[in-house]
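Read top to bottom, the protein sequences are chains R and F. Heads up, the first sequence is in my numbering, so the first residue is 1 and it goes up one at a time. Heads up, the second sequence is in my numbering, so the first residue is 1 and it goes up one at a time.
Since the hints were made in silico from the structure, they are not lab data. It is possible that some hints are incorrect.
Below, computed lysine to any residue pairings styled on SDA-like, alpha-carbon distance capped at 20 Å [claimed, not checked]:
{"id": "1", "chain 1": "R", "residue 1": "K315", "chain 2": "F", "residue 2": "P59"}
{"id": "2", "chain 1": "R", "residue 1": "K184", "chain 2": "F", "residue 2": "P11"}
{"id": "3", "chain 1": "F", "residue 1": "K20", "chain 2": "R", "residue 2": "A181"}
{"id": "4", "chain 1": "R", "residue 1": "K184", "chain 2": "F", "residue 2": "R15"}
{"id": "5", "chain 1": "R", "residue 1": "K157", "chain 2": "F", "residue 2": "S97"}
{"id": "6", "chain 1": "R", "residue 1": "K285", "chain 2": "F", "residue 2": "N83"}
{"id": "7", "chain 1": "R", "residue 1": "K184", "chain 2": "R", "residue 2": "E121"}
{"id": "8", "chain 1": "F", "residue 1": "K101", "chain 2": "R", "residue 2": "I146"}
{"id": "9", "chain 1": "R", "residue 1": "K140", "chain 2": "F", "residue 2": "N83"}
Beta-carbon label-pair distances, calculated as ranges [as the list claims (entries may be wrong)]:
{"id": "10", "chain 1": "F", "residue 1": "I14", "chain 2": "R", "residue 2": "G43", "range": "46 to 56 Å"}
{"id": "11", "chain 1": "F", "residue 1": "S19", "chain 2": "R", "residue 2": "R193", "range": "24 to 34 Å"}
{"id": "12", "chain 1": "F", "residue 1": "C51", "chain 2": "R", "residue 2": "F239", "range": "40 to 50 Å"}
{"id": "13", "chain 1": "F", "residue 1": "E68", "chain 2": "R", "residue 2": "E132", "range": "42 to 52 Å"}
{"id": "14", "chain 1": "F", "residue 1": "E68", "chain 2": "R", "residue 2": "G279", "range": "37 to 47 Å"}
{"id": "15", "chain 1": "R", "residue 1": "G277", "chain 2": "F", "residue 2": "F34", "range": "20 to 30 Å"}
{"id": "16", "chain 1": "R", "residue 1": "F239", "chain 2": "F", "residue 2": "E46", "range": "45 to 55 Å"}
{"id": "17", "chain 1": "R", "residue 1": "M125", "chain 2": "F", "residue 2": "E68", "range": "50 to 60 Å"}
{"id": "18", "chain 1": "R", "residue 1": "E86", "chain 2": "F", "residue 2": "E35", "range": "29 to 39 Å"}
{"id": "19", "chain 1": "F", "residue 1": "V103", "chain 2": "R", "residue 2": "K29", "range": "43 to 53 Å"}
{"id": "20", "chain 1": "F", "residue 1": "T47", "chain 2": "R", "residue 2": "R158", "range": "17 to 27 Å"}
{"id": "21", "chain 1": "F", "residue 1": "T64", "chain 2": "R", "residue 2": "P10", "range": "37 to 47 Å"}
{"id": "22", "chain 1": "F", "residue 1": "T52", "chain 2": "R", "residue 2": "M125", "range": "47 to 57 Å"}
{"id": "23", "chain 1": "R", "residue 1": "A209", "chain 2": "F", "residue 2": "T64", "range": "47 to 57 Å"}
Chain F regions said to be covered by chain R (calculated; three or more residues, Cβ under 8 Å) [stated by the list, open to error]:
{"id": "24", "segment": "36–46"}
{"id": "25", "segment": "69–83"}
Every value quoted in this text rests on a predicted model; they were computed, and no experiment measured them. We put the CB at the ideal spot given by N, CA and C, even for glycine.
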Amino acid sequence: MKRTIVPFGPQHPVLPEPIVLDLLLEDEKVVDAIPTIGYIHRGLEAMVDRVEYTEMGFVVERICGICSFMHGLGYCLALESIMNVEVPDRARWLRIIWAEISRIQSHLLWLGLGADAFGFENLFMHCWRMREEILDIFEKTTGGRIIHSVNRIGGVKRDIADSELVAILARLDELGSAFDATVKVFGSDASIRHRLGGVGILSAADARAVDAVGPMARASGVRMDTRLTGQNLYDQLDFEPVLETAGDCLARVIVRMREVRQSIELVHQMVDKMPKGEGMPLENKPRGNPSGETFTRLEQPRGEVVYYVKANGTKYLERFRARTPTFANIPAMIKLVKGCDLADVPNIILTIDPCISCTER
Amino acid sequence: MANPFRLPMAPRAIRNLFSKPATRRYPYDIRPRFEGARGTIKFDVETCNYCTLCAKRCPAAAITVSRENRTWAIEHLTCIGCNVCVEVCNKNSLSMSTDSKSVHTHAEVGPQGQRPGHEEWHSPAPEPAAGTASKAATPAA
Numbered sequence: 001m002k003r004t005i006v007p008f009g010p011q012h013p014v015l016p017e018p019i020v021l022d023l024l025l026e027d028e029k030v031v032d033a034i035p036t037i038g039y040i041h042r043g044l045e046a047m048v049d050r051v052e053y054t055e056m057g058f059v060v061e062r063i064c065g066i067c068s069f070m071h072g073l074g075y076c077l078a079l080e081s082i083m084n085v086e087v088p089d090r091a092r093w094l095r096i097i098w099a100e101i102s103r104i105q106s107h108l109l110w111l112g113l114g115a116d117a118f119g120f121e122n123l124f125m126h127c128w129r130m131r132e133e134i135l136d137i138f139e140k141t142t143g144g145r146i147i148h149s150v151n152r153i154g155g156v157k158r159d160i161a162d163s164e165l166v167a168i169l170a171r172l173d174e175l176g177s178a179f180d181a182t183v184k185v186f187g188s189d190a191s192i193r194h195r196l197g198g199v200g201i202l203s204a205a206d207a208r209a210v211d212a213v214g215p216m217a218r219a220s221g222v223r224m225d226t227r228l229t230g231q232n233l234y235d236q237l238d239f240e241p242v243l244e245t246a247g248d249c250l251a252r253v254i255v256r257m258r259e260v261r262q263s264i265e266l267v268h269q270m271v272d273k274m275p276k277g278e279g280m281p282l283e284n285k286p287r288g289n290p291s292g293e294t295f296t297r298l299e300q301p302r303g304e305v306v307y308y309v310k311a312n313g314t315k316y317l318e319r320f321r322a323r324t325p326t327f328a329n330i331p332a333m334i335k336l337v338k339g340c341d342l343a344d345v346p347n348i349i350l351t352i353d354p355c356i357s358c359t360e361r
Numbered sequence: 001m002a003n004p005f006r007l008p009m010a011p012r013a014i015r016n017l018f019s020k021p022a023t024r025r026y027p028y029d030i031r032p033r034f035e036g037a038r039g040t041i042k043f044d045v046e047t048c049n050y051c052t053l054c055a056k057r058c059p060a061a062a063i064t065v066s067r068e069n070r071t072w073a074i075e076h077l078t079c080i081g082c083n084v085c086v087e088v089c090n091k092n093s094l095s096m097s098t099d100s101k102s103v104h105t106h107a108e109v110g111p112q113g114q115r116p117g118h119e120e121w122h123s124p125a126p127e128p129a130a131g132t133a134s135k136a137a138t139p140a141a
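Can you make the complete structure from the sequences, with help from the hints?
This is how it looks when you write it as structure tokens:
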């Protein structure tokens, strides 16, 4: 049969990021897909040889606008492990509270985009209206809506007053009930079921074989979550990753929906367990320059992210590398796209929650 | 399912008919920023001793300080609002206000080489009997 190549991207119908795929079609079926990475490469990792390690955190934070908090956190954790800096207890709890809130923000953003992708524009608006509440919490506590700049090597720069924490919990509960009322549509609407159910199925064995990470793997029933390692105080929380077994596009939506509820629950647990009080220490300043190398792993909203840092005793790092979750999920995405209909390609690509700014850095 | 007509969005849609819109009419209704939100850097020329620490620590190199000429300048469009200069200032000359950065048009970068967002202060060297330092140069453009 005659084959056609359709260039998909850099403009995605919904996603405002330049993902580039060349789709090889036989009639309407996709036979092969060739991704091109690097359309918006900015060379952020190479900036380490001219940006001091203390200032590099602000660059790393700007890798991506959605997971900016987690990127800043991962960089600081890596440098802290090299420099043996003990982070004060309250600062560690504050960090993971912000991290979970940013997960809610990211999933709400994605659920909105997903709704828009299958033609549910008012659901998209509702999701983004709820996300605005989260951004308000961020602006109030960190000073920035998207770029928070509260993480420093050795701690955090701002405290959240205990009364403010209680107010945040109340706000999150309110958001949770509004979320349940609105977002149940994702699970119950017939048109969404038709559009997503049974489309782009990734089996658990395949998910392991192509090393899918994050909600992508969990939607296929793979119990994989970096938070399970117990790092960053997650061992003190009652936590079990959200799993779905269907592995199709709908399962990936449902996993993210349930993770929003789970994150609200986790923030409750964190506020219960964190040390309370005013004026507690928040930062231990590092001394000297870092020397050595390390890997750090974190569970971002999109999955596992890995940071590699190599320092040589000067104020400039020798090497910095971030392996972002979208990069890890691209093989899984290519596997799903092969054999599907052309009309399903935008949805399948969107359900891996691609973040191209992260991937191409 | 609770809704007999299988219209899960219906209660929400009906409520929206009678509630306020979620958006604002922006130019007329401006959302107040929260206390502590990071906006623009404010400089107090009276207290600065031109130690250049802020310029050294600025990740974006937006601040230039000259100890000899006693000038302090900032490029607001280069500033990333990270708050580092405010944290390191020993004299508390710098503060972060919640005002958003002002908007500049391309036309402002004229042939005269005006720099939109550039602000510069100069204070004369302190003399024993002299009065307080004064703001000599006003923001360009």
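Results for each hint:
With a C-alpha separation of about 14 Å, the suggested pair K315/R and P59/F falls inside the 20 Å cut-off, and the hint holds. Distance hint between K184/R and P11/F is fulfilled; the C-alpha atoms sit about 13 Å from each other, no more than 20 Å. Among the hinted pairs, K20/F with A181/R is consistent with the structure: their alpha-carbon atoms are about 19 Å apart, no more than 20 Å. With a C-alpha separation of about 17 Å, the suggested pairing of K184/R with R15/F holds against the 20 Å cut-off.
Distance check on the hinted pair: K157/R and S97/F sit about 17 Å apart at the alpha-carbon level, within 20 Å; holds. Straight-line distance between C-alpha atoms of K285/R and N83/F comes to about 16 Å, which keeps the hinted pair within the 20 Å bound. Only pairs whose Cα atoms come within 20 Å are accepted, and K184/R paired with E121/R is accepted, the gap being roughly 15 Å. The hinted pair formed by K101/F and I146/R meets the criterion: a straight-line CA distance of about 16 Å does not exceed 20 Å.
As the CA atoms of K140/R and N83/F are separated by approximately 15 Å, the hinted pair is consistent with the 20 Å bound. The given range of 46 to 56 Å is respected by I14/F and G43/R, whose C-beta atoms sit roughly 52 Å from each other. Take S19/F and R193/R: their Cβ atoms lie about 29 Å apart, and the range 24 to 34 Å holds. The hint said 40 to 50 Å for the Cβ distance between C51/F and F239/R, and at roughly 48 Å that hint holds.
Under the hint 42 to 52 Å, the C-beta atoms of E68/F and E132/R, about 49 Å apart, fit the expected range. Against the hinted window of 37 to 47 Å, the Cβ-Cβ separation of E68/F and G279/R comes to about 41 Å, which satisfies the hint. Between G277/R and F34/F the beta carbon distance is about 23 Å. The supplied range of 20 to 30 Å therefore holds. In this structure, F239/R and E46/F meet the distance hint of 45 to 55 Å, their C-beta atoms being roughly 53 Å apart.
A hinted range of 50 to 60 Å for the beta carbons of M125/R and E68/F is consistent with their spacing of about 57 Å. The given range of 29 to 39 Å is respected by E86/R and E35/F, whose C-beta atoms sit roughly 31 Å from each other. The hinted range of 43 to 53 Å is satisfied by V103/F and K29/R, whose Cβ atoms lie roughly 49 Å apart. Remark: the range hint 17 to 27 Å for T47/F to R158/R is upheld by a beta-carbon distance near 24 Å.
Look at T64/F against P10/R: about 38 Å separates their beta carbons, and that is inside 37 to 47 Å. Range check, T52/F to M125/R: Cβ separation about 49 Å, and the 47 to 57 Å hint holds. A hinted range of 47 to 57 Å for the beta carbons of A209/R and T64/F is consistent with their spacing of about 55 Å. Coverage of a stretch by a chain is defined here by at least three residues with a beta carbon nearer than 8 Å to that chain's beta carbons; for the segment 36–46 of chain F and chain R the count is 3, and the condition holds.
Interface restraint, the segment 69–83 of chain F with chain R: holds (4 residues with C-beta to C-beta distance below 8 Å; minimum three).
Of the numbered hints listed earlier, not one is contradicted by the structure.
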